[in-house]
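This is what each chain is made of:
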Amino acid sequence: MLDALNRALDFQATALTLRSERSRVLAGNLANADTPNFKARDFDFGQALAQAAGNAPLRAAARTHAAHLPAAPAAAAPTLLYRAPLQSSLDGNTVEMDVERARFADNTLRYEASLRFLNGQIRTLMTAMGAAGQGQ
Amino acid sequence: MSMFKVFSVAGSALAAQSQRLNVVASNLANAESVAGPDGKPYKGRQVVFQTQLLDAAGSAPGVRVAQVVEDDSPARRVHQPAHPAADENGFVTMSNVNPVEEMVNMISASRSYQTSVEVMNTAKSLLAKTLQLGA
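Residue numbers (our numbering), protein chains in the order written: chain A, 130 to 265; chain B, 203 to 337.
I should point out that these hints are in silico values taken from the structure, not numbers from a laboratory.
By construction, the Cβ of each residue, glycine as well, lies at the ideal position given by its N, Cα and C atoms.
Among the clues, some could well be false.
Calculated Cβ distances over 10 Å to all of chain B for the following chain A residues [as the list claims (entries may be wrong)]:
| no. | residue |
| --- | --- |
| 1 | Asp132 |
| 2 | Asn135 |
| 3 | Asp139 |
| 4 | Ala156 |
| 5 | Asp163 |
| 6 | Pro165 |
| 7 | Phe174 |
| 8 | Ala179 |
| 9 | Gln180 |
| 10 | Gly183 |
| 11 | His194 |
| 12 | Ala195 |
| 13 | Pro199 |
| 14 | Leu219 |
| 15 | Tyr240 |
Derived coverage of chain A by chain B (criterion: at least 3 residues anywhere in the stretch with Cβ under 8 Å from a Cβ of chain B; other residues may be distant) [said to hold, decoys possible]:
| no. | region |
| --- | --- |
| 16 | 145–151 |
| 17 | 245–251 |
Isolated chain A, as found in the complex:
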């Protein structure tokens, strides 16, 4: 029963985790906009999601005691690729402020979309369970 609830929310939860991973990578690109020889990085979101959706948890549960049962193995972290610059700069830096900011804004919007889907699914489940005062 609880597993079915988990599975209903799992896909969007995975998408949300990957979105936050990507925002971290893009924030790193923006932070290093003035660092000589820094190469901008990113990952293919669609591919990473397809890879993660199959074998669930993105992070392995830590086992702090020998008697703990091992949890399912974590999916591999998304493969970080290098961005091909449109206009190369003299100091070897491949961060293009406009491209990175556009990607960051796009990623933020999609993160909010995932949040909204997740909220909708939770509300649907609440209604199905007949929670008092919820989703009536």
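Once you have looked at the hints, place chain B on chain A.
Using the frame of chain A, we list chain B on its own:
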């Protein structure tokens, strides 16, 4: 929650860019100075940025100021015979700071700083919305 790392990454950029602004301020303040306490003219300083990995996987690259280097270009010499610091030929040795370069440096630093602040604000509002999940 990996989103919290965004704060460390953007925070490191804020620290590095503000140090760059500090150096620019020091250069501009000394653009017209003739000699420091050691009797030598002021030399312009520049920060050197370096990537600082905040996790083992390399997906959270912060930035730090690796070192502050002195500009070794020749000092500016101005003919001012009445100046107390003038040499026997009437030339005064000034600092080697180029105010135009420093102004450009300042604008670049301030834009980068603003970007990092916006990244932080975005991450903050996303986290606040995530906290309200299911409410």
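Verification of the hints:
{"no.": "1", "hint": "Asp132", "verdict": "holds, 18 Å"}
{"no.": "2", "hint": "Asn135", "verdict": "holds, 14 Å"}
{"no.": "3", "hint": "Asp139", "verdict": "holds, 14 Å"}
{"no.": "4", "hint": "Ala156", "verdict": "violated, 5 Å"}
{"no.": "5", "hint": "Asp163", "verdict": "violated, 6 Å"}
{"no.": "6", "hint": "Pro165", "verdict": "violated, 7 Å"}
{"no.": "7", "hint": "Phe174", "verdict": "holds, 14 Å"}
{"no.": "8", "hint": "Ala179", "verdict": "holds, 19 Å"}
{"no.": "9", "hint": "Gln180", "verdict": "holds, 15 Å"}
{"no.": "10", "hint": "Gly183", "verdict": "holds, 20 Å"}
{"no.": "11", "hint": "His194", "verdict": "holds, 24 Å"}
{"no.": "12", "hint": "Ala195", "verdict": "holds, 25 Å"}
{"no.": "13", "hint": "Pro199", "verdict": "holds, 22 Å"}
{"no.": "14", "hint": "Leu219", "verdict": "holds, 14 Å"}
{"no.": "15", "hint": "Tyr240", "verdict": "violated, 6 Å"}
{"no.": "16", "hint": "145–151", "verdict": "holds (count 4)"}
{"no.": "17", "hint": "245–251", "verdict": "holds (count 3)"}
This entry does not satisfy hints 4, 5, 6 and 15, going by the numbered hints stated previously.
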